[in-house]
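Student: Sequence:
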Amino acid sequence: MVIITVAPTGSGPQWQKTPHIPITPAEIAAQAVEAYEAGAAVAHIHVRDPDTKNPRPDHRLYREVVNLIRDRCDMIVQLTTGGGGPYGISIEQRMCSLELNPEFATLNVATMTFGNGVFLNPLKDVERTAKIMVDRGIKPEIECYDLGHIDLALQLSKKGLFKEPLRFGLILGVSGGIPPTAENLMHMVRSLPEKSKWNVIAPGKTQFPLLILGMILGGDVRVGMEDNIWIAKGVLAKSNAELVSKIVRIAKELNLDVATPSEARELLGLSKT
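Under the numbering used here, the sequence shown is numbered contiguously, ending at residue 273.
Derived from the structure by calculation, the hints contain no laboratory data. In this text, a Cβ means the ideal position worked out from N, Cα and C, and glycines have one as well. Take these hints with a grain of salt, some might be off.
[Claimed, not checked] Simulated DEER-style distance windows between Cβ atoms:
hint: 1; residue 1: Leu256; residue 2: Thr52; range: 37 to 43 Å
hint: 2; residue 1: Pro13; residue 2: Gly160; range: 37 to 43 Å
hint: 3; residue 1: Ser262; residue 2: Thr181; range: 34 to 40 Å
[To be verified] 30 Å max Cα-Cα, derived DSSO-like pairs, lysine-lysine:
hint: 4; residue 1: Lys246; residue 2: Lys53
hint: 5; residue 1: Lys233; residue 2: Lys124
hint: 6; residue 1: Lys124; residue 2: Lys205
hint: 7; residue 1: Lys131; residue 2: Lys197
Using the sequences provided together with the hints, build the complete structure.
Tutor: Structure below.
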């Protein structure tokens, strides 16, 4: 069974390349719900300034998106704690999403070059964020952009900052991170501890080939305009639901069941509903 996550908007300048990416809380929530109807069990949420379209972590914007989704469906809402980090947003601002006590959130464990920016995640701040998640019962998805990030996560786990089963996001293809090859994905998967859950995230043109490999290897997958704005070569996706529908079709061709939100909660060991 495969869990499909949709990432509707992200923090990057994708809006400069496509008119279809959602910007306002209402647009983000609407596209998340459409993606749920197409087969996504999880919505990975960033928020943007409705006027400038730039990343703006703000608990009021997050709350509006979450409430709008909750009013219409039971999909899992995964809030980011990385939103805008590579674009100069401080970790204090990024942590504001945790004020909502989401059942699921992302956690970045390493400082790295990220495109033309620097994604700052000092160890003391990572540990503080992880402890908040533990104390509040928030399940972290540990975002790993390279092999060394997995090792950092395992060191944090030994300190009791994560509860098993661990959930990893394996991200291939960001400039500054591990290159998006089949060999690298398989190496990352082999480096994970037994019984951990993992999600393949592959920005750009290698997205669907790596997601297919990830599903064959037993992992979950993420699609959405945060990572890729194209539905086919030279053809812009008109919505996030269109990208979800494509990966659902591929999963079914591989004879895989697509998890519902309730099934995904059980698989991920989420404590909240």
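Student: It remains to establish, for every hint, whether it holds in the given structure.
Tutor: Outcome of the hint check:
1. A beta carbon spacing of about 40 Å between leucine 256 and threonine 52 agrees with the range 37 to 43 Å that was offered as a hint.
2. Restraint check, proline 13 to glycine 160: a C-beta distance of roughly 39 Å satisfies the suggested window 37 to 43 Å.
3. Between serine 262 and threonine 181, the C-beta spacing of about 35 Å keeps the proposed range 34 to 40 Å intact.
4. With a CA separation close to 27 Å, the supplied pair lysine 246 and lysine 53 stays within the 30 Å bound.
5. Pair hint lysine 233 plus lysine 124 does not hold up; C-alpha atoms about 42 Å apart against a cutoff of 30 Å.
6. About 35 Å separates the Cα atoms of lysine 124 and lysine 205, which puts this hinted pair outside 30 Å; it is violated.
7. Restraint check for lysine 131 and lysine 197: satisfied, since their Cα atoms lie roughly 20 Å apart, inside the 30 Å limit.
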